[in-house]
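S.K.: Protein chains in written order, with our numbering: chain A, 1 to 101; chain B, 1 to 208.
This list has only true hints and no planted wrong ones.
Sample of chain B residues at the chain A side, in silico, Cβ under 10 Å:
hint, residue
1, S40
2, R90
3, R170
Think of the hints as simulated: they come from the structure by calculation, not from any bench. Think of the CB as a built atom: it goes at the ideal place given N, C-alpha and C, for glycine as much as any other residue.
What follows is the residue order along each chain.
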Amino acid sequence: MSLSKSATSNGKKLRLLLRILGCTILLCGIGFWLKTGAHNGFSKNRVEIEKVDPITKIEYIEYEERFVMGLEYLAVASAAGVGLWGLSFFFGRNKSPSFTE
Amino acid sequence: MNSLAPTRLTIAALLIASVTLNAAEKEFDFKDPKGINNVSFLLDAPLESINGNAKGVSGIVQFDPGNPKTISGTITVETATLNTTNDTMREHMLGAGWLDAASHPQITFATKSISKIEPAEDGFSAHLTGDFTLKGVTKEITVPVSFTYLPDMLGARSNGAAEGDLLVVRSTFTILRSDFGIKPGQNTEKVADEIELRLAIAGAAPDA
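When you get a sec, could you build the whole thing from the sequences and use the hints?
M.R.: As structure tokens, then:
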């Protein structure tokens with residue numbers, strides 16, 4: 001009986017941990033995506049900066065080396081977050097009295 | 001002896017005329033140490049939009065401001081200078097499956113003829129026909145081009161290092177990658193067959 005209670009208690013702790021971890025990954029993913037510009041496409045390793053040559057009026061691009069998170073990383077973070085949350089349901093459940101007593 | 005005199009005069013006159021005509025024609029070098037000359041590309045597929053540019057532009061164009069019909073030359077883009085905002089995408093683009101930059105290091109356009117010349121602000125617009133070579137395949141294409149002639153502006157651009165003229169060439173046209181054997185009919189949901197190219201380059205003709 002005490003072993004069963006201990007197992008349930010550990011399961012509840014694990015469930016809580018998984019949910020916290022899931023939420024953290026999801027929120028960090030969304031937060032980082034928003035912070036880097038909420039780019040609606042694949043990730044970028046560099047960012048285009050448009051410039052104009054004052055003499056010839058030619059428009060040209062200069063690249064700034066900066067990471068911009070894309071939707072593929074957001075999808076992975078969301079899947080990991082939701083997956084961990086879903087996994088938490090397998091731990092720390094109260095077993096039915098017919099089996100424990 | 002006297003009968004030869006008119007012939008000699010005619011030859012002399014022709015030589016002078018020839019020298020005068022050649023003097024008006026200038027050679028513009030499109031190699032750009034400032035890295036401003038560029039060709040940008042845009043592919044808009046249903047699942048993915050790809051854009052980027054290339055800065056490795058060079059070439060020589062013979063141009064007579066008074067007689068644009070005589071324009072001729074070749075513009076070259078180093079394939080390896082094509083760039084996008086994503087390293088993986090760039091690697092794939094330059095790889096053997098797509099542009100194969102290692103085997104086909106240059107993309108070129110060599111002029112053949114000019115038509116539909118119309119005056120515009122600071123220059124003229126026209127249709128330029130030439131041989132466009134991409135991934136080893138050459139096709140004759142006709143593209144709309146605008147020319148802006150900027151006499152005595154090289155000094156301002158080079159901070160006084162050289163005096164001379166500038167010729168700005170702009171063109172926007174479309175090609176099909178399938179025409180040049182770049183994975184025809186494949187991956188069209190992600191990599192559009194139609195490629196829009198935007199050229200904006202300036203050539204310099206230093207004073208002799």
